[in-house]
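Engineer: Kindly generate the complete structure, drawing on both the sequences and the hints.
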Amino acid sequence: MIRLTDAPIDRRLKIVRIGGGHRIHRKLLSLGFHKDDIIELDSRSILRGPVLVRGLTSDTSVALGRGIARNILVEIVGDKR
Amino acid sequence: MATKDKHPDIIFLGQPNCGKSALFNAIAGLKVETSNFPGTTVKHTHSEVNVAGKVFNIIDLPGTYSLNPSDEIEKVALSHLFFEEPDLIINVVDASILGRSLELTQELIELGYPMVIALNMMDLAEKKGIKTDIQKLEKLLGVPVIPTVAIHGRGIKELLVTALQTLEERRPISPLKWTRDVEDKVEEFQRAIPENFLVVGNRRFAAIKMLEVGKRFFNQTLKDMSPDLKKARDKVRDDLENMHGVPAYEVIAAERHHLAAKIFEESSEVVRIRKISWLERVDDIIMHPFLGYLILLAVFLAFFFIIFQVGNPLEELLLNPISGLRIFLSGQLGTGILFYLLDGLLQGIGGGLAIVLPYFLPLLFLMSFLEDIGYLARTSFLMDTFMHRIGLHGKSVSPFILGFGCNVPAIISTRILESRRDKVITTLLIPFIPCTARTTIILALVAFYLGPVWALGFYVFNIILLGVLGKIISFFYKGPSPGLILEIPSLKIPSLKNIWKKTYFQLKAFAKFAWPVLIVGSVVLGIMQFFHLDRVINVILSPLVERALGLPQELGVTLVFGFLRKELSLIMMLQALGVDYHNLMSVITKEQLIVFTVFVSFFIPCLSTVAIIWREVGKKIAFLSMGLNIVVAIILSILIRIFLTLS
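Chains as they are written, first to last, in this note's numbering: chain A, 1 to 81; chain B, 82 to 728.
Worth flagging that the hints you see were computed from the coordinates, not collected in a lab. All values derive from a computational prediction rather than experimental measurement. Each residue gets a CB set at the ideal place from its N, CA and C atoms; glycine is no exception. Don't take each hint at face value.
[To be verified] So the derived list for chain B, only partly shown, Cβ under 8 Å to chain A, looks like this:
| id | residue |
| --- | --- |
| 1 | Met324 |
| 2 | Pro328 |
| 3 | Ile566 |
[Stated by the list, open to error] Reference listing, derived: stretches of chain B covered by chain A, where coverage requires no fewer than 3 residues with Cβ under 8 Å from a Cβ of chain A:
| id | stretch |
| --- | --- |
| 4 | 576-587 |
| 5 | 635-648 |
Structural biologist: What follows is the structure, given as structure tokens:
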């Protein structure tokens, strides 16, 4: 289990836990990001900036601030297609 | 809407960026702006349409991801939906991300109002290889589904016909069932709701919402209203949490999520393995951790130069006949009141046409272009890290960029920010962004007389100023800031029609509201000049204008008018100094020109901006904003004056 901010770019990831406040959790749920969903890290910005995440279940890309991404725990489940 | 007329209300509701406004536009004509940035419709728009001889009220609500609001824009959508019970809902769904979109659709079905689904962006879904069986989807959801492509007007007629039918039949829709154990718990709580309890929609919907809600004040209200009900609710919530090991709201969200995925799988197939499209390749470059920033810089430089390159010759072309007319007038009429009146009128009309429009039009067009292709949301991602340095985050970027167009919609758009602190700081900073009016002044004065490099320097200086001010304000105003969570919509090929519509829409707003103010202001100044009233104001302001800033005394009166609209300062500057545009440099110096531009740019938010700040964040912040601008403008102008005289 690793933090989303530490996850590799070229792998498929499974969301294990979404930490942070319930408001952030709810917001992510409404955007279609749930526990056990498969996601990919698409881009990481320079200077400790945000990450760009694509949910494969919901086919949605979101930008997540570093503080938020750090509280999301993921596990590597395979390679990107 | 206090008085509800008898025409049926049809509400357009959907997730952000699903093409809802485009669909609404296609039906209502030119009424709302559409864009490729989540959260552009910040307040609802309504319009009356006539379909087959029947009149309807159609209402476009801001996009919302769910019926549990997380920011103010979503609250607008929901309060309307809950309190103005509509006769029909048209749920606009992005067919290319059907799985996720069905989560909101399910919530709307739970609400139980008559509904039709517009399965929009079918073309995009096809390109992605998603093939949806419409009949099957209809059957699974129990709601009519009409495929549409709003930007090409496809499916609009069928949608309206079906809407009409559904409205007449008033066919009840029944909620989709979840897994047994969750369903049992919802029913258990539903039974605990007293018969006379006032609910929105229906009892099941009310039960679910009470289980999901997270607001502390709601829980207190519930306790005050009915302690028993709160007890029953808390018990069911605890049961759900114990059964699933996650909070009740997550249990319910997961039910919808899984059901949505199931419905998507059963109704649609992804026919070919998706290849990476060229747009996605472009996207990778735009969002690249290094190249992305180079492109961002290039885009804004190009932005600036295009506006100047288009505006400058256009301005020259339009100015000459107006100067000619003015000379002709003064020759014919001498210096009577008629001359002052007509001169004011000419300056107002001509100034708007020849000085403002040449820069305003390309700026609007380019802004619309960036918005339409989806670049605005991407700048939020790229700029997030820099925004953190000044105590904000990436979501404030889009209000800032909108601020380059006009501060008023920029301040309204701060509603996308979840925390009050972020909203207040962003609102205080927006008036320091050079809006079109100020860009016009910068381009028409600085770039025109001193060259485009000076104008560019002005912009760079402005952005540095913004950063410094942001840092100072966040130092004094600490508080929680949730950080960036923003959907990045897929890049779109720009639709010229869409861009032009948006540009036209804003241009019309300028012609309707701003231009008359310019004209009336100029005429009033003309009359004041005839009666020498302007001199009184000039004398009163002379300690500031003449002593502190070193400007000609005559410019004092233009500042007062500049509070109404910034362009007015520019147009009246010429009128007040009694010269035409080409001879300006004969009456003031280069240094004075720069000091004047700096002062006018920053000294006060214009009247409409102050009004909108007042409405959005309150009187205190509105006064704080005015004070901040005046202090900053005076300090900066004096510093620049000293610097320019020394160098």
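Engineer: Give a verdict on every hint.
Structural biologist: Structure-based check of each hint:
Proximity of Met324(B) to chain A is violated relative to the hint, the smallest CB-CB distance being about 15 Å (cut-off 8 Å). Hint status for Pro328(B) relative to chain A: holds, with the closest Cβ pair at about 7 Å, below 8 Å. Of the supplied interface hints, the one on Ile566(B) holds, with its beta-carbon coming within about 5 Å of a beta-carbon of chain A, less than 8 Å. For the stretch 576-587 of chain B, the stated coverage by chain A is violated: 0 residues have a C-beta nearer than 8 Å to a C-beta of that chain, whereas at least 3 were required.
Coverage of the stretch 635-648 of chain B by chain A is violated. Counting CB-CB distances below 8 Å, 0 residues qualify, and the rule asks for three or more.
Hint compliance for this structure: hints 1, 4 and 5 are not met, and every other hint is.
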